[in-house]
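Residue numbers (the numbering used here), protein chains in the order written: chain V, 1 to 240; chain R, 241 to 607.
Hint data in this document are derived by calculation from the structure and do not stem from the laboratory. Any given hint could be a false lead.
[Stated by the list, open to error] Label pairs and their calculated CB-CB ranges:
#: 1; chain 1: V; residue 1: 154; chain 2: R; residue 2: 429; range: 51 to 59 Å
#: 2; chain 1: V; residue 1: 142; chain 2: R; residue 2: 567; range: 40 to 48 Å
#: 3; chain 1: V; residue 1: 155; chain 2: R; residue 2: 567; range: 51 to 59 Å
#: 4; chain 1: V; residue 1: 138; chain 2: R; residue 2: 304; range: 35 to 43 Å
#: 5; chain 1: V; residue 1: 27; chain 2: R; residue 2: 418; range: 53 to 61 Å
#: 6; chain 1: R; residue 1: 494; chain 2: V; residue 2: 211; range: 51 to 59 Å
#: 7; chain 1: V; residue 1: 231; chain 2: R; residue 2: 470; range: 58 to 66 Å
#: 8; chain 1: V; residue 1: 222; chain 2: R; residue 2: 267; range: 47 to 55 Å
#: 9; chain 1: V; residue 1: 205; chain 2: R; residue 2: 585; range: 57 to 65 Å
#: 10; chain 1: R; residue 1: 393; chain 2: V; residue 2: 204; range: 28 to 36 Å
#: 11; chain 1: R; residue 1: 585; chain 2: V; residue 2: 211; range: 31 to 39 Å
#: 12; chain 1: R; residue 1: 502; chain 2: V; residue 2: 119; range: 38 to 46 Å
From the three backbone atoms N, C-alpha and C, an ideal C-beta is built for every residue, glycine too.
One-letter residues, chain by chain:
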Amino acid sequence: MRVLAIDTSNLVLSVAVVEEERVLAEMTTNQQKNHSIRLMDCVSELLDATGTSPEQLGGFGVANGPGSYTGVRIGVATAKSMAWSLNVPVIGVSSLEVVAMNALGFPGLIVPLFDARRGQVYTGCYRANGLDAVDVQGDEKIILLQDWLPQLRDMAQGQPILFLGEDVRIHREAIAQELGEQARFASPASNHPRAAHIGYVALRRLQQAGSAHELVPEYLQLAEAEAKWLAQKQAGAVKE
Amino acid sequence: MGDFVMNKTTTSRYEMRVREAYEAHKKSGAPVYILGIETSCDETSASVVRDGREVLSNVIASQADIHKRFGGVVPEVASRRHVENITLTIEQALAEADKKLEDISAIAVTYGPGLVGALLVGVAAAKAISLARGIPLIGVHHIAGHIYANRLVEEMDFPLIALVVSGGHTELVWMKGHGQFEILGETRDDAAGEAYDKVARALNMPYPGGPHIDRLAHEGEPNVPLPRSWLEPDSYDFSFSGLKSAVLNTLHNAAQRGETIEPANLAASFQDSVTEVLVEKTIRAVRACQAKQVLLAGGVAANRGLRERLQARCESEGIPLVIPPLSLCTDNAAMIAAAGYIKYEKGQFAALDLNGVPGLSLNENEQ
Ligand SMILES: [Zn+2]
């Protein structure tokens, strides 16, 4: 089965066409953030390059966040609309899991992170499951990096902790200061998400896919206005 | 931007497919079914329109209740709802029209102006379906959509003048033919609908305030002196921020003197000022352009005060006036499909790099 995989959830744009045994094509850029303009031309080009007509696609995989709200929406709206219109399943894959898969087989904790401003990061903790999958440990979350690092030290029980993601360089010093030698950093080649990984997660999970309508982004955060409104509501300041 | 480069050295399979589908359809002479998609603000809407004039379905998933609690449209919240609703809304529009994607001749989508995050959801969905199914893609200007809502009611008679009034727009547009738009005047500050919402807030009315002001105005007398903003004698532009300030000052001064102003009278006076300027400038444009028809478009077209005044003035001028029903005045996808039909007839298709353009101008869209 051929699967089209898409990640536009952060600065990187990655698209891939995969089959069970073979990555047929993958295109990844880390240059501009105009995903809305470029995504469909990339998809069209990859389909042509692999001689794939849209009707030959058996399913879709998409990174559904966390990340840039707009970027995540472009990917999810595109994948669910293509899947719906072709009547095939679509699977949302955590944008963090996609990056964690760059460390398949790593013996220790795998910690992908994206900067979320004001000292916060979107992050999660993964462990390799063999050489072809990673399993999440606990929930993905948005958290202050300074609160996250001690938690990771406890979880690691002396094992190394590998930090992955384009934004690690922003926080590298703080991480090294807190965790010393226990913190590991990867080659830049392992920091950006690759859509091919999404393709293989999708191939494994497509059986469990619900309706394309149900696919929604995982922002890990309420919209600011909603958070404020909820806080006011809890304080009894508004009625509804 | 966004148009086909027909003489590019390599043509994608998508482009070939779309061109073949279009040519085959033209040859067949079969009816044109356009799937419209509109997500520029807080309504997720999809529609199927036959031959640019007959609405087969017009599904609108309104978020009004959600945004009411915030006192206005919150762009991030609107964008989130769009992505949740988009395919469901499209599916429902097809089902209600009893059509399948294979029956659809083209997909027309609003690509501006509007909230960028909201526009992007509709544009992404339209491009995705277009590529997946080889269906031609058409980018539509939101205001062109509002104007073409009229064509779902009555055939256009050129030259015509369209008065477009909504929460985001106040524009006088001169049309010499299909797809030809010339903006004669527009607001220099607030849109008319915006001024209504702000005045409503000052009178402690819930959002959106326009309908409340309109209702209240009919219970009062326009006896509070308020300015009319005519601007330069030859200008077709509008300005409502001075009027809004005058209303706020009137309330403030009265409160300081311990007096109360009857809210109904204030609402009536405010509405009188707004509609007088809108209607008189429209009539002036009609005379200058020797227009044969006046179209009222946009959400504020639902305003009874404006409708009645414009109707009366057009009658006295002997010029036919078209006002679409309320369901076609507020944001909806049928109007986008109707405007898209004109581009379909001309073969003006968008390429896959079509983007959401929040400040898209109407002239830029003209081809
Ligand atoms: Zn509108």
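Going down the list of hints, with the structure as the test:
| no. | hint | result |
| --- | --- | --- |
| 1 | V:154 / R:429: 51 to 59 Å | 57 Å, holds |
| 2 | V:142 / R:567: 40 to 48 Å | 41 Å, holds |
| 3 | V:155 / R:567: 51 to 59 Å | 56 Å, holds |
| 4 | V:138 / R:304: 35 to 43 Å | 39 Å, holds |
| 5 | V:27 / R:418: 53 to 61 Å | 40 Å, violated |
| 6 | R:494 / V:211: 51 to 59 Å | 57 Å, holds |
| 7 | V:231 / R:470: 58 to 66 Å | 46 Å, violated |
| 8 | V:222 / R:267: 47 to 55 Å | 53 Å, holds |
| 9 | V:205 / R:585: 57 to 65 Å | 45 Å, violated |
| 10 | R:393 / V:204: 28 to 36 Å | 53 Å, violated |
| 11 | R:585 / V:211: 31 to 39 Å | 36 Å, holds |
| 12 | R:502 / V:119: 38 to 46 Å | 54 Å, violated |
When held up to the earlier numbered hints, the structure conflicts with 5, 7, 9, 10 and 12 and fits the remainder.
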